[in-house]
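Put chain B on the given structure of chain A with help from the hints.
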Amino acid sequence: MNENFAIKVNGLDHFFSSDDSRKMEVLRNVSFTVKPGEFSAILGPSGCGKSTLLRILAGMIKPAGGRIDFADNNKGFKNNELAMIFQSFAIFPWLNVYENVEFGLKMKNTPAVERAKKVEEHVKEIGLVGFEKTYPKDLSGGMKQRVGIARALAVEPRLLFMDEPFSSLDAFTANELRQDVLKIWLQDKITILMVTHLVDEAVEMADTVLVMTPRPGQVEAVVPIDLPRPRNRRSKEFFSLVDKIMDIVKI
Amino acid sequence: MVAFITVAAPFIYIFIFSEFTGVKTEQVFLDLGTSFMRVLVAYVISVAAAIPLAFFLGQGKIGDFFLPVFDVLQSFPSFALLPLLVIWFGIGNAAAIFFLVATMIWPVLFSVLSSLRLSRKDLEEAAFIFGARGWKKMFLFTLPLSLPGLITGSIVGIGEGWEAIVGAEIIGITPGIGGFLNSASNRGDIPVLTFGIIALLLFLFTLNKLIWIPLLKRSHDYAHE
Chain A
1416 MNENFAIKVN
1426 GLDHFFSSDD
1436 SRKMEVLRNV
1446 SFTVKPGEFS
1456 AILGPSGCGK
1466 STLLRILAGM
1476 IKPAGGRIDF
1486 ADNNKGFKNN
1496 ELAMIFQSFA
1506 IFPWLNVYEN
1516 VEFGLKMKNT
1526 PAVERAKKVE
1536 EHVKEIGLVG
1546 FEKTYPKDLS
1556 GGMKQRVGIA
1566 RALAVEPRLL
1576 FMDEPFSSLD
1586 AFTANELRQD
1596 VLKIWLQDKI
1606 TILMVTHLVD
1616 EAVEMADTVL
1626 VMTPRPGQVE
1636 AVVPIDLPRP
1646 RNRRSKEFFS
1656 LVDKIMDIVK
1666 I
Chain B
5 MVAFITVAAP
15 FIYIFIFSEF
25 TGVKTEQVFL
35 DLGTSFMRVL
45 VAYVISVAAA
55 IPLAFFLGQG
65 KIGDFFLPVF
75 DVLQSFPSFA
85 LLPLLVIWFG
95 IGNAAAIFFL
105 VATMIWPVLF
115 SVLSSLRLSR
125 KDLEEAAFIF
135 GARGWKKMFL
145 FTLPLSLPGL
155 ITGSIVGIGE
165 GWEAIVGAEI
175 IGITPGIGGF
185 LNSASNRGDI
195 PVLTFGIIAL
205 LLFLFTLNKL
215 IWIPLLKRSH
225 DYAHE
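Here the protein sequences come in this chain order: A and B. Take the first sequence: its letter number 148 is residue 1563 in my numbering, and every next letter is one higher. Take the second sequence: its letter number 167 is residue 171 in my numbering, and every next letter is one higher.
Okay, chain A solo, but in the shape it has when bound (with noise of 0.2 Å):
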């Protein structure tokens, strides 16, 4: 009875009416499976509908058709289940540092003293410390995306989705980010999906990547890294597994 899944994902459709009522196809017949603690990247060109998918998937939107399970819950993860980290940060501009990583915690009715201890431990975890009266536009790109994971990491979700979240910082930040990601990943076990679309990156950190093909985005293939972590981004074995996703990319 108790199979091992976080998410399961079965047959899912989706389509975009446009303005002349035509529909278009985004997603078909998208199925597949995510382990618990598991790291995967749904890898895909633009416009191949993997946003969309993590927006259904995080009840944004409601698919066309097909069937979502979340592990012993299958109303799907709620509030206090869920978090993500936009690539746009999508951090409030009207609160400051503290108040932004606070903010999920005051919608879960988190008690205030538990509340200012966990804001306290996740703005040192990503190393946001002296920078907690800041607002966001005085906070570089970096920073902010900082200030998006430790909101993100404050509710202590069990699922955590990322979509394209180093595609707005600059390669050098981008770097520092995805190891600070890394190793939260490796010591709190959260499931994490992410969407992307460079292969490096799927290849560098998740345990599987789904493969997309362009629009309508289905599923093309699920390739496991095996590889050992730390990563090294220069060995042979990770030019082998980023050339071998390029090719099914092509098709």
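Everything labelled a hint here was simulated from the structure, so no lab data went into it. In this text, all values refer to a predicted model and were calculated from it rather than measured experimentally. Fair warning: there could be bad hints in the mix.
Derived pair list, reagent style BS3-like, types lysine-lysine, alpha-carbon separation capped at 25 Å [unchecked claim]:
#1 B:Lys28 - A:Lys1548
#2 B:Lys65 - A:Lys1521
#3 B:Lys221 - A:Lys1477
#4 A:Lys1604 - A:Lys1523
#5 A:Lys1532 - B:Lys141
#6 A:Lys1532 - B:Lys65
#7 B:Lys141 - A:Lys1521
#8 A:Lys1523 - B:Lys125
#9 A:Lys1521 - B:Lys221
#10 B:Lys65 - A:Lys1548
#11 A:Lys1438 - A:Lys1598
#12 A:Lys1438 - B:Lys65
#13 A:Lys1450 - A:Lys1423
#14 B:Lys65 - A:Lys1552
#15 A:Lys1438 - B:Lys125
#16 B:Lys140 - B:Lys125
#17 A:Lys1450 - A:Lys1539
The following block gives chain B in isolation, referenced to the frame of chain A:
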């Protein structure tokens, strides 16, 4: 110190010039105060009505429909309502305030609503993901999101409100600063007229300098990442 001078300027001016022009100082304060109270009360009513209405209409398709409607109502000449309001309420504060609400509510409503409609989709998604629902969402997300719109709408609304109240008072919804100017005009008293206009100007300058300009500046900081 600068703030103190700004606040004191209109008062000092009125004291000095009422001496020279022979107008009773209390009269100027009373008339200016009457107009100010009318604008203030009408503003509070407008905001209290506009915010919940904008929040209600801010969601989904109804908002798409009402946004252009409010844009039109914003430019409707509310003086057209004045004769009717005088029949209903008589000449006095009730007619003046009702008339002012009809003038001031539209820019506030339009502005708050458009700040909600044009808000960033990713912020809305983040609020959803982190569990913002119901009253908590309203106070901790929607309200701060709409504040920049409320401030711009308030500046436009109050500006139109002063325009309207002075006009209405000159036409005959006395007392008030408009009435003060009108009676000076009827007597052909140019020094008192000039004195009254400058007093009003200083008063409005002080309000802007102390309240609206700092709020506007804050709201810019606040709306942009």
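To see whether the hints hold, each was checked on the structure:
Proximity of Lys28 of chain B to Lys1548 of chain A is assessed by CA-CA distance (about 52 Å); at most 25 Å being required, the pair is judged violated. A C-alpha spacing of about 30 Å is found between Lys65 of chain B and Lys1521 of chain A, which places the hinted pair above 25 Å, so the restraint is violated. Restraint check for Lys221 of chain B and Lys1477 of chain A: not satisfied, since their Cα atoms lie roughly 40 Å apart, outside the 25 Å limit. Between the alpha carbons of Lys1604 of chain A and Lys1523 of chain A the distance comes to roughly 22 Å, so the proposed pair stays at or under 25 Å and holds.
The hinted pair formed by Lys1532 of chain A and Lys141 of chain B meets the criterion: a straight-line CA distance of about 23 Å does not exceed 25 Å. With a C-alpha separation of about 42 Å, the suggested pair Lys1532 of chain A and Lys65 of chain B falls outside the 25 Å cut-off, and the hint is violated. For the proposed pair Lys141 of chain B and Lys1521 of chain A, the alpha carbon gap of about 11 Å is at most 25 Å, so the pair holds. At roughly 22 Å between alpha-carbon atoms, Lys1523 of chain A and Lys125 of chain B fall within 25 Å of each other, so this suggested pair holds.
Pair hint Lys1521 of chain A plus Lys221 of chain B does not hold up; C-alpha atoms about 28 Å apart against a cutoff of 25 Å. Distance check on the hinted pair: Lys65 of chain B and Lys1548 of chain A sit about 38 Å apart at the alpha-carbon level, beyond 25 Å; violated. Distance restraint check for Lys1438 of chain A and Lys1598 of chain A: the Cα-Cα separation of roughly 43 Å exceeds the 25 Å cut-off, and the hinted pair is therefore not satisfied. With a CA separation close to 20 Å, the supplied pair Lys1438 of chain A and Lys65 of chain B stays within the 25 Å bound.
At roughly 9 Å between alpha-carbon atoms, Lys1450 of chain A and Lys1423 of chain A fall within 25 Å of each other, so this suggested pair holds. Proximity of Lys65 of chain B to Lys1552 of chain A is assessed by CA-CA distance (about 32 Å); at most 25 Å being required, the pair is judged violated. Of the pairs offered as hints, the one joining Lys1438 of chain A and Lys125 of chain B holds, with about 22 Å between alpha carbons and a cut-off of 25 Å not exceeded. The suggested pairing of Lys140 of chain B with Lys125 of chain B holds, with an alpha-carbon distance near 19 Å, which does not exceed 25 Å.
Distance restraint check for Lys1450 of chain A and Lys1539 of chain A: the Cα-Cα separation of roughly 29 Å exceeds the 25 Å cut-off, and the hinted pair is therefore not satisfied.
In the structure shown, a violation is registered for the earlier hints numbered 1, 2, 3, 6, 9, 10, 11, 14, 17, in ascending order.
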